[in-house]
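S.K.: Sequence:
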Amino acid sequence: IQNALFGMGNPLLDISAVVDKDFLDKYGLKPNDQILAEEKHKALFDEIVQKSKVEYHAGGSTQNSVKIAQWMIQEPHKVATFFGCIGTDHFGEILKQKAAEAHVDAHYYEQSQEPTGTCAACITGDNRSLVANLAAANCYNKEKHLDVDRNWSLVEKARVYYIAGFFLTVSPESILKVAKHASDNNKIFGLNLSAPFISQFFKEPLMKVMPYVDIIFGNETEAATFAKEQGFETEDIAEIARRVQSLPKVNKNRQRIVVFTQGREDTVATVGDKVKMFPVLDIDQNHIVDTNGAGDAFVGGFLSELVQEKPLEECIRAGHYAANVIIRRVGCTFPEKPDFQ
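For the sequence shown, position 135 (counting from the first letter as 1) is numbered 135 according to UniProt numbering, and the numbering increases by one without interruption.
Keep in mind the hints are simulated off the structure, nothing from the lab. Any given hint could turn out to be false.
Said to hold, decoys possible - Simulated pairs of lysine to any residue, SDA-like, Cα-Cα distance not exceeding 20 angstroms:
| # | residue 1 | residue 2 |
| --- | --- | --- |
| 1 | 274 | 256 |
| 2 | 96 | 115 |
| 3 | 203 | 33 |
Everything numeric in this text was worked out from a predicted model, so none of it was measured.
Let the sequences and hints guide you as you build the complete structure.
M.R.: See below:
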């Protein structure tokens, strides 16, 4: 089972702080969103670091998910492999250290042109607005890393692949290479819609990889945006799931699975030709500390069971469990051991 799960994405250091509405307004942020940093956000990073209770956590959507999957599995170590690009700097060293502590087999492409990427997580109540400054993460190089024999052999070892849609902005050619490998070898390739802007502005690379996607994840907002961009003309999430499932697919041996989370509402998933609702675990509002990373945690829990070839219902249950644990803590962090039964 070692290296059975492969993830590739943007390794970022999360800088999270509780802010107020004025802070959001000052930088033109929505309370619950994910965006890429622009020139106007430069000062935001300086300002958030000055906040009283600022916390630093290893982040990046895909990296979070593979870490959670590894945490759920516990033993053996290094079930999860992760590729991404960092800088040769202090933040990069932190990411390496955190990956090692999480027992993830991380193989970073290291370059010195750009500093390690960061993500400002601006927390207000149970909302989080994420502003990612990709920097080094944007420098991932297929020829210099993915194509190198010792790295590609790790890709070949895996049987489940997962990449967040965010990586479509960085290296769509790397995603396609991995997706085609999965399809050609009847392995499982998972992709996340990740954020509304992916469906809106990276439609072409997204739809190029879609025929290879065996499992697609997203939340209700991302699902609605995708449907709108694809001209589905429906806002019914179950119907959207049905339509996404029936999009063209290369490997006919596997029916596509669509999984949409909806915060505290039921998770929607395609089970065979049906669409089913799976209620999430109850949680007292007062116990919710920070919903940042809840979606990543859901995927991580899901993948931990998937890689052990458990049925879909079990994968979803594990996803709900992991998300329930993570929202009680700051950032995408977790206790020493899971107590998932």
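S.K.: Residue 96 and residue 115 were given as a pair; does the straight-line alpha-carbon distance stay at or below 20 angstroms?
M.R.: 14 angstroms, holds
S.K.: Quick one, are residue 274 and residue 256 close enough, alpha carbons at most 20 angstroms?
M.R.: 12 angstroms, holds
S.K.: Tell me if the straight-line CA distance from residue 203 to residue 33 falls inside 20 angstroms.
M.R.: 18 angstroms, holds
Checked against the numbered hints given earlier, the structure satisfies every one of them.
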